[in-house]
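Student: Protein chains in written order, with the working numbering: chain A, 1 to 386; chain B, 1 to 111; chain C, 1 to 456.
Some clues are possibly wrong.
Said to hold, decoys possible - Computed, partial: chain C to chain B, Cβ under 10 Å:
1. G150
2. Y169
3. P199
4. E263
5. A379
6. G383
Keep in mind the hints are simulated off the structure, nothing from the lab.
Just so it is clear, CB atoms sit at the ideal spot from N, CA and C, and this is done for glycine as well.
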Amino acid sequence: MSAADVVVIGGGIVGTAATLFLQRRGLSVILLERGLIGQQASGVSFANVRRHTRPLHQLPLAQRSYDSWMRLSSLIGDTCEFRQVGNLAVTYGNAQLEHWEQYVRAARDYGLELEILDPLRLRTRFPYLSKNIAAGLFSPKDGHANPRLLVPAISRAAEREGARIVLNAEVTSIDRNADRFDVAVGGHAEYRAPIVLIAAGAWAGKFVAALDGPVPLFASGPQLGVTEPLPYRIGPTISVFADRVPERIYLRQVERGNIVFGGGDRGPASTETNRASVLPTNTLGQITQLQRLVPALSTANVIRVWSGIEGYLPDALPVMGASSRVRGLYYAFGFSGSGFQLGLGVGDVLSELICTGHTDVPLCQYDIRRFQPATPKSAPGSTRPS
Amino acid sequence: MHTFGPGPLEPPQFVRVGEKQRQPVRIVVNGQSVEALAGDTVLVAVLTTRGSLRRSEFGDGDRAGFCLMGACQDCWLWTSDGRRIRSCTTTVAEGLSVVTHPPDNIWPAPA
Amino acid sequence: MAGPRIVVVGAGPAGVRAAERLVESGLKPIVFDEACSCGGQIYRRQPGSFTRSYAELYGADADRAKSIHAAFDRILPSVDYRPNTTVWNISGNELFTAADRQGRVVEFDAAILATGATDRMAPVRGWTLPGVYSLGGAQIALKAQACGIGSKIALLGTGPLLYLVACQYSKAGIDVQAVLDTAPLPAQLLATRQLLAKPGLLMRGVHLRLRLMSKGIPVHNGVRSPEIVGPERVTGVRWRGADGTSESVDADAVALGFHVRSEAQLADLAGCPFSFDEQMRQWRPDCDATGRTPRPGIYLAGDCIRILGGHAAEIAGRLAAISAMADHGIVTAAREAAVLTRRLRSYQRFQKALTNAFPWPEAEIRKLPDDVIVCRCEAITAGELRKAAVVMGAAELNRAKAFSRVGMGRCQGRYCASAAAQILSDARNLPLEAVGRIRTQAPVKPLTIALERVES
Chain A
1 MSAADVVVIG GGIVGTAATL FLQRRGLSVI LLERGLIGQQ ASGVSFANVR
51 RHTRPLHQLP LAQRSYDSWM RLSSLIGDTC EFRQVGNLAV TYGNAQLEHW
101 EQYVRAARDY GLELEILDPL RLRTRFPYLS KNIAAGLFSP KDGHANPRLL
151 VPAISRAAER EGARIVLNAE VTSIDRNADR FDVAVGGHAE YRAPIVLIAA
201 GAWAGKFVAA LDGPVPLFAS GPQLGVTEPL PYRIGPTISV FADRVPERIY
251 LRQVERGNIV FGGGDRGPAS TETNRASVLP TNTLGQITQL QRLVPALSTA
301 NVIRVWSGIE GYLPDALPVM GASSRVRGLY YAFGFSGSGF QLGLGVGDVL
351 SELICTGHTD VPLCQYDIRR FQPATPKSAP GSTRPS
Chain B
1 MHTFGPGPLE PPQFVRVGEK QRQPVRIVVN GQSVEALAGD TVLVAVLTTR
51 GSLRRSEFGD GDRAGFCLMG ACQDCWLWTS DGRRIRSCTT TVAEGLSVVT
101 HPPDNIWPAP A
Chain C
1 MAGPRIVVVG AGPAGVRAAE RLVESGLKPI VFDEACSCGG QIYRRQPGSF
51 TRSYAELYGA DADRAKSIHA AFDRILPSVD YRPNTTVWNI SGNELFTAAD
101 RQGRVVEFDA AILATGATDR MAPVRGWTLP GVYSLGGAQI ALKAQACGIG
151 SKIALLGTGP LLYLVACQYS KAGIDVQAVL DTAPLPAQLL ATRQLLAKPG
201 LLMRGVHLRL RLMSKGIPVH NGVRSPEIVG PERVTGVRWR GADGTSESVD
251 ADAVALGFHV RSEAQLADLA GCPFSFDEQM RQWRPDCDAT GRTPRPGIYL
301 AGDCIRILGG HAAEIAGRLA AISAMADHGI VTAAREAAVL TRRLRSYQRF
351 QKALTNAFPW PEAEIRKLPD DVIVCRCEAI TAGELRKAAV VMGAAELNRA
401 KAFSRVGMGR CQGRYCASAA AQILSDARNL PLEAVGRIRT QAPVKPLTIA
451 LERVES
């Protein structure tokens, strides 16, 4: 039996970041990952490091995360190709414009400076964009990073801080006994801690159901692809905002020249088979939208597509924070395809919450209680989080 | 401005050993007129006049194709109007104009 | 009502014979071919403007080539032939094609995948230089374009193709400087008895070697630490002989190859399970003796399953067609299938013997210096791959790919995966099977973003 202050379940960006921040705050952590670090959603992510266009209530969390991105090198000893090349949201029509103008004003209150670009300025700064783009919303200090490298790098940094990372360790049960949790791997109770953090992505559902009741978590497959290397010319991440889902594509160019793209209709993903796939018709759909967004891309070839298993909740917001029923239990999952930029901040904020009992970053939108039937206030035997 | 390095390698890599009595087909390679023969692939048309096809993106020098059967993907070139062609599986046609580096006026062209 | 829709992917010997057998039973299959005319690689047809005879082009295989081409020409009115068409993905009962810039979705009841093979490659220093071609590529230059890959060539690698291409180049009047076989001579002598499984083929090999000797072309066995010399293009080859002495030869081109590897990407995308073949030390898609896979509606034929050569591919094509038709109620040709299955087995014994005679250069790859490029598409070195294994902890090939970029380039691992698996297993001290194989991801070949979807 191994004991620590905290057992973290899930080795994606959230789990590894939380582990790192907890260790830095002086708590001992054992991280249990069912496969390999960063192998699932975090590792295959489009890897947009984006604050803008997030719901306003999420901006404090995104800003906290931004602080960590800004000192990534000192935090984990590697930049993992994080580039602050900016993030550009675009639309083909003007329907979004008023909303964006309101958003720009409101976001300023959260410390996020954005610009709205009209077609002339778009064409001057980003001449490769379709002339049918009507408006752009630009966040100059956002960017993107390399998802395959980032999470393993966070994990190694956590290990240097003293964390114990256990791979190929699928958690089979979590039992609360007196003032601690017994966490079983492969059917045997092996790990013990007074605090457990469930950061198990799309696989969190069964643990949550046993502890806090079921949540409507479902798996969904992002549809991603990459082109051959092209001369490096596209600076910012570009994403299309549109009413129709198939039109909502995004792309980013890396310095080696490949253009990573994704979006549109999603594909099948399963936590039973642990498989996700790209539907060929989705690739065809994305190709059409890529031609439309950056006409010069018609000269390029797609060389590979891939998918992954992301955890979604119906309101596209995560569950994050303390359990409503079990003391010492915390959650951070269901980031619904938008967790990459947030991951560092989530880890930071959770470590703060776990260690001090509170955090300035508002988390009420992510409370698990939103999925629970209303509980009577004086229900006997219910455990409240400390 | 795309830098292509010190210039194409000389002498030509490929050597014709027969079938020389074919119709000439005139193509353009990097702006220069090249006389190919009917049935030549673009790769052969280029490599019978120079020593390489393209420059590797990653700093290891020139490339001149490898498998000649459309598997290695090392022989992709551009037409001067911005199409991509796999030169070992593309037959020359009269007037075809190819460039051995990404054409500046196409990528990333103003829309 | 029309019969089951049976499609064939590939028009090499396996695909042609499969299509022929389907037509014999009254079906009208669609045949997809990446090339502009049938024959695959081994019987690739020269362009219409060329005049050389079958004997000049195909040597000892002239009759077979003629027979394959004639067979396809004969059945052409009865097939829906789609040349210059790449099948870039397959899913459920649909396949996805790209021809020029047109994309189509084609439904099928049964698909016979006869996607053939390419050269199997082991990296050597300098192999990305202008002037280095695969053995298959060197052969295609001669056969299909009447060109030599250079004027003074060295051939390096192992396998029977090494000797065949050397003879073909010599016959074409090109200066063949040396044949450098990494296989030690004792291995070849030991395998001779097994090679008698196909005495005709064995004799061909012996004959080729004698012909080279009669022309005074040096043949070296047990070549070690080969290096292709640059700096900007091929200028020669250096190596250590079996006795350790340093040797070198001038050249302006090198033909490089170590046997042949299956093109099984579509089988992978179709969901076929793969197994590690202990004998051949490679992964191959699972199927029964006729090419029937565990995936309903998916059949495999020819070298895309395992390398048995062109003659065996013809048999495999017919077998797959029979099984596909039998499973869809068209024929019951059990006796025909039994005869063909028996004939296939002798080719399997011969192939195993060839692998013993011309072993994969495991030791050479193991000691590949860190600065030699392993992944030519992305210019990733052996050292970078080893770092991904040792420092970053990748113990499996897809993980190593994610960390090092090996296999991420345009060719998607065709020419680096074999060696990368070897290097990874050595770096992690794991058996070769344990490091797995690169998982195929669509598209099977680069797919143009200019693609327009059209109705099938």
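Student: A separate judgement is required for each hint: does it hold in the structure or not?
Tutor: Against the structure, the hints come out as follows:
1. Taken as an interface hint, G150 (chain C) checks out: its beta carbon lies about 6 Å from the nearest beta carbon of chain B, inside 10 Å.
2. For the restraint placing Y169 (chain C) at the interface with chain B, the shortest Cβ-Cβ distance is roughly 9 Å, inside the 10 Å limit, so the hint holds.
3. With its C-beta approaching chain B no nearer than about 30 Å, P199 (chain C) sits outside the 10 Å limit, and its interface hint is violated.
4. For E263 (chain C), the suggested interface contact is upheld, since its CB lies about 8 Å from the closest CB of chain B, less than 10 Å.
5. Residue-level restraint check for A379 (chain C) holds (minimum Cβ-Cβ distance to chain B is 4 Å; threshold 10 Å).
6. Interface hint at G383 (chain C): violated, since its Cβ lies 14 Å from the closest Cβ of chain B, which is beyond the 10 Å cut-off.
When each numbered hint is compared with the structure, violations occur for hints 3, 6.
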